[in-house]
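There are 2 protein chains.
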Amino acid sequence: MYALLDLVLIDLHECNHERLLDAEEIREAMLNAAKMMGAEVVVHSFHTFKRWGVSGTVTIAESHLAVHTWPEHNFAAITFETCGKGMDHRKAYKYLIDFFGSRNPKVTHQKRGFVETPAKKEISCKQKSV
Amino acid sequence: MYALLDLVLIDLHECNHERLLDAEEIREAMLNAAKMMGAEVVVHSFHTFKRWGVSGTVTIAESHLAVHTWPEHNFAAITFETCGKGMDHRKAYKYLIDFFGSRNPKVTHQKRGFVETPAKKEISCKQKSV
Chain A
1 MYALLDLVLI DLHECNHERL LDAEEIREAM LNAAKMMGAE VVVHSFHTFK RWGVSGTVTI
61 AESHLAVHTW PEHNFAAITF ETCGKGMDHR KAYKYLIDFF GSRNPKVTHQ KRGFVETPAK
121 KEISCKQKSV
Chain B
1001 MYALLDLVLI DLHECNHERL LDAEEIREAM LNAAKMMGAE VVVHSFHTFK RWGVSGTVTI
1061 AESHLAVHTW PEHNFAAITF ETCGKGMDHR KAYKYLIDFF GSRNPKVTHQ KRGFVETPAK
1121 KEISCKQKSV
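Respectively, the protein sequence lines represent chains A and B.
Counting along the first sequence from 1, when you hit position 30 you're at 30 in the numbering used here, and nothing is skipped either side.
So the number in the numbering used here is just where the residue sits in the second sequence, counting from 1, plus 1000.
Hints in this document: simulated from the structure, not taken from any laboratory.
Be aware that one or more of the hints could be misleading.
As the list claims (entries may be wrong) - As a list, the in silico DSS-like pairs of lysine-lysine whose alpha-carbon atoms are at most 25 Å apart:
hint : chain 1 : residue 1 : chain 2 : residue 2
1    : A       : K106      : B       : K1035
2    : A       : K111      : B       : K1035
3    : B       : K1091     : B       : K1035
4    : B       : K1111     : B       : K1094
5    : B       : K1094     : A       : K111
6    : A       : K50       : B       : K1035
7    : A       : K111      : B       : K1106
8    : B       : K1085     : B       : K1111
9    : B       : K1035     : B       : K1050
10   : B       : K1050     : A       : K50
11   : B       : K1091     : A       : K35
What the hints assert, rightly or not - If the Cβ cut is set under 8 Å, some of the chain A residues that face chain B in the computed set are:
hint : residue
12   : L4
13   : V8
14   : L9
15   : D11
16   : D22
17   : V42
18   : S55
19   : A66
20   : A77
As the list claims (entries may be wrong) - Just so you have them, the derived chain A footprint on chain B, three or more residues with Cβ under 8 Å:
hint : segment
21   : 1002-1012
22   : 1019-1030
23   : 1035-1048
24   : 1088-1097
Built from N, CA and C at the ideal position, the CB exists for glycine as well.
Make the full structure from the sequences, and use the hints.
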């Protein structure tokens, strides 16, 4: 069995409060993280919400990234969902831990989308826009 | 401890191949699913990729939904990430299982974003756009 997707959940506790408020700063950080992991960005969308922080998604050729912040908890939840091999998730989340100034980050790795594939067949999942 | 986020992973195997190809049809289905679960849609973005299917994200006031399809595997991976209580995930994913014609769906539920909260304090996470 082969897993099509890597899922990385990055729960950033005890963040720098100011970093959780500005959608444009967070957009730039998420795009930097996408590049650092080796992803190809397709489109991105970030929003500031009244009182409750920022939400953003980055569609990449290899699936997507997402972020949601809770300034009232000094907390940010980041998700990397990527297909294909060779993505440097660690480089990307280390950068984001630093960006958000999290003093208590929790990172978990999972796999999903288990499919049967022919043995020795090399898998490339990278999407091409039409 | 209180979990800020529900994470529902919906792996749809053995889908109807034709349902995995059209970004506009999939956009409509994902927006229907968002409404069915009781979410408030903020923005959405869907893309068709050459050969490899469709990717889409729906930012909701309660976090986000995402979908990625692999027509070559007759497979779709859907993610619901929502905060707050009272979201009807089951109604939404049952609709999507039916939409994609999946004969082998796998659904898993997780929680993330554990924070300390005052006892008896009612949590509302719904975001308001500014």
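Status of each hint after checking the structure:
Pair hint K106/A plus K1035/B does not hold up; C-alpha atoms about 31 Å apart against a cutoff of 25 Å. Straight-line distance between C-alpha atoms of K111/A and K1035/B comes to about 28 Å, which puts the hinted pair past the 25 Å bound. The suggested pairing of K1091/B with K1035/B holds, with an alpha-carbon distance near 10 Å, which does not exceed 25 Å. Of the pairs offered as hints, the one joining K1111/B and K1094/B holds, with about 20 Å between alpha carbons and a cut-off of 25 Å not exceeded.
The suggested pairing of K1094/B with K111/A holds, with an alpha-carbon distance near 22 Å, which does not exceed 25 Å. Distance restraint check for K50/A and K1035/B: the Cα-Cα separation of roughly 22 Å lies within the 25 Å cut-off, and the hinted pair is therefore satisfied. Under the criterion of a C-alpha separation no larger than 25 Å, the hint pairing K111/A with K1106/B is consistent with the structure, at around 13 Å. The straight-line distance between the Cα atoms of K1085/B and K1111/B is roughly 12 Å, inside the 25 Å bound, and the hint therefore holds.
Note on K1035/B and K1050/B: the hinted pairing is violated, with a Cα-Cα distance of about 29 Å set against a maximum of 25 Å. Taken as a hint, the K1050/B and K50/A pair is broken in the structure, with Cα atoms around 38 Å apart against an allowance of 25 Å. Taken as a hint, the K1091/B and K35/A pair is broken in the structure, with Cα atoms around 36 Å apart against an allowance of 25 Å. For L4/A, the interface hint holds, the least distance from its beta-carbon to any beta-carbon of chain B being 6 Å, beneath 8 Å.
Of the supplied interface hints, the one on V8/A is violated, with its beta-carbon coming no nearer than about 12 Å to a beta-carbon of chain B, more than 8 Å. Evaluation of the L9/A hint against chain B yields a held restraint, the C-beta minimum of about 6 Å falling below 8 Å. Here the hint on D11/A is kept, as its CB sits about 6 Å from the closest CB of chain B, short of 8 Å. With 8 Å as the threshold, the beta carbon of D22/A stays out of range of chain B, its nearest partner Cβ sitting at about 12 Å, so the hint is violated.
A distance limit of 8 Å between C-beta atoms decides the matter here; for V42/A the minimum to chain B is near 6 Å, and the interface restraint holds. Evaluation of the S55/A hint against chain B yields a held restraint, the C-beta minimum of about 5 Å falling below 8 Å. Here the hint on A66/A is kept, as its CB sits about 5 Å from the closest CB of chain B, short of 8 Å. Restraint check, A77/A versus chain B: the minimum CB separation of about 5 Å is within 8 Å; hint holds.
Interface restraint, the segment 1002-1012 of chain B with chain A: holds (5 residues with C-beta to C-beta distance below 8 Å; minimum three). Here the segment 1019-1030 of chain B counts 0 residues with a CB under 8 Å from a CB of chain A, which misses the bar of 3, and the coverage is violated. For the segment 1035-1048 of chain B, the stated coverage by chain A holds: 5 residues have a C-beta nearer than 8 Å to a C-beta of that chain, and at least 3 were required. Requiring three or more residues with a Cβ within less than 8 Å of a Cβ of chain A, the coverage given for the segment 1088-1097 of chain B is violated, as only 0 such residues are present.
Of the numbered hints stated above, those contradicted by the structure are hints 1, 2, 9, 10, 11, 13, 16, 22 and 24, listed in ascending order.
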